[in-house]
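Given these sequences and hints, build the entire structure.
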Amino acid sequence: MKKIFFLLFAAVTGLSAAEDPALLFDATYESNSDKAEFAKGDKIAYAFVASDRVLKKVPGMKQGTKALVRTNAQRMFYRAPGNFTASQGTVSFWFQMVNYDLANDDLQTIFSIIDSDGRKWPDGYHFRILKNRKEWKHFIVAQIYYKDSKMSAAQNIQTQLYTGEKPWKAGEWHNITITWDNKQMCLYLDGVAGEAKPSSAGIPPNVPVRPYNFQLPEMTKGARIFIGNLFNAKKECASAYDRIRIFSKPLTATEVKALVDNDLANK
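Residue numbers for the sequence shown follow the working numbering, beginning at 665 and rising by one.
Everything labelled a hint here was simulated from the structure, so no lab data went into it.
Treat the hints with care, since some could be wrong.
Said to hold, decoys possible - Cross-link-like lysine-lysine pairs, in silico, DSS-like; alpha carbons within 27 Å at most:
#, residue 1, residue 2
1, K721, K899
2, K833, K861
3, K814, K847
4, K833, K847
5, K830, K814
6, K885, K847
7, K830, K730
8, K921, K847
9, K704, K913
10, K801, K885
11, K847, K730
12, K720, K899
13, K833, K784
14, K704, K833
15, K704, K730
16, K726, K913
In structure tokens, the structure reads:
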């Protein structure tokens, strides 16, 4: 109970990362670097080719701040050990589509964590947030996939929320938060879980909460946190990221709202 109270207090009052015991990773991109400001693991950002390290910034979600920009052609990652717990946790970040929107016809990852550990598909661990195409336009989708050689079938977990009633536009900042443990996965957009709705008029259902019963194993040393796209999407499309935070526990709905409200209050 004390831990929950402290975390909520930290979210509301804006305590620093070092003072929040549940916070594993915090990247604000305020400096002229893509390093995380705080990390219990490695702070350094890595890329596969030198050109992907070209640092581009746009104004952040708060006035006078900066945000990281990645095109769909760029690959950037952080090392996951120490910065992410697969068994339970929270990922929260501010996201902006710089020059596209959720109505375009691309399958595109927004944020991913991959732990293949030398295993070949279908084995491995994939945590990802994405946008999709066709009937999935205007959706934000969060997925967890896990399979090892001892499992006859993979564990697939997915939540999704439709934004088409108030479409997200290029240049707008929105918060995406995902929480999970061994019982359920929850997706929040702008601090709200949204309402569960059945499919209608060819639009898939709203599923803000997905119950399940499975304990995900912890990361291996080769696991990576990818910022941006990993699919074959339009290369010129660019996304901005601000205040990427990862916690070692699933925040409650109240804590998620407090986290987002605190960011907005200090805009």
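Status of the hints after comparison with the structure:
1. K721 / K899: holds (18 Å)
2. K833 / K861: Holds: K833 and K861 sit about 23 Å apart, inside 27 Å.
3. K814 / K847: holds (21 Å)
4. K833 / K847: violated (34 Å)
5. K830 / K814: violated (44 Å)
6. K885 / K847: holds (25 Å)
7. K830 / K730: holds (26 Å)
8. K921 / K847: holds (21 Å)
9. K704 / K913: Holds, at roughly 14 Å.
10. K801 / K885: violated (35 Å)
11. K847 / K730: violated (36 Å)
12. K720 / K899: Holds, because 15 Å separates the two Cα atoms, which is no more than 27 Å.
13. K833 / K784: Given pair K833, K784 is violated - Cα atoms ~38 Å apart, limit 27 Å.
14. K704 / K833: Answer violated: K704 to K833 is near 34 Å, above 27 Å.
15. K704 / K730: Cα-Cα ~23 Å, so holds.
16. K726 / K913: Distance ~26 Å between K726 and K913 Cα, so the pair holds.
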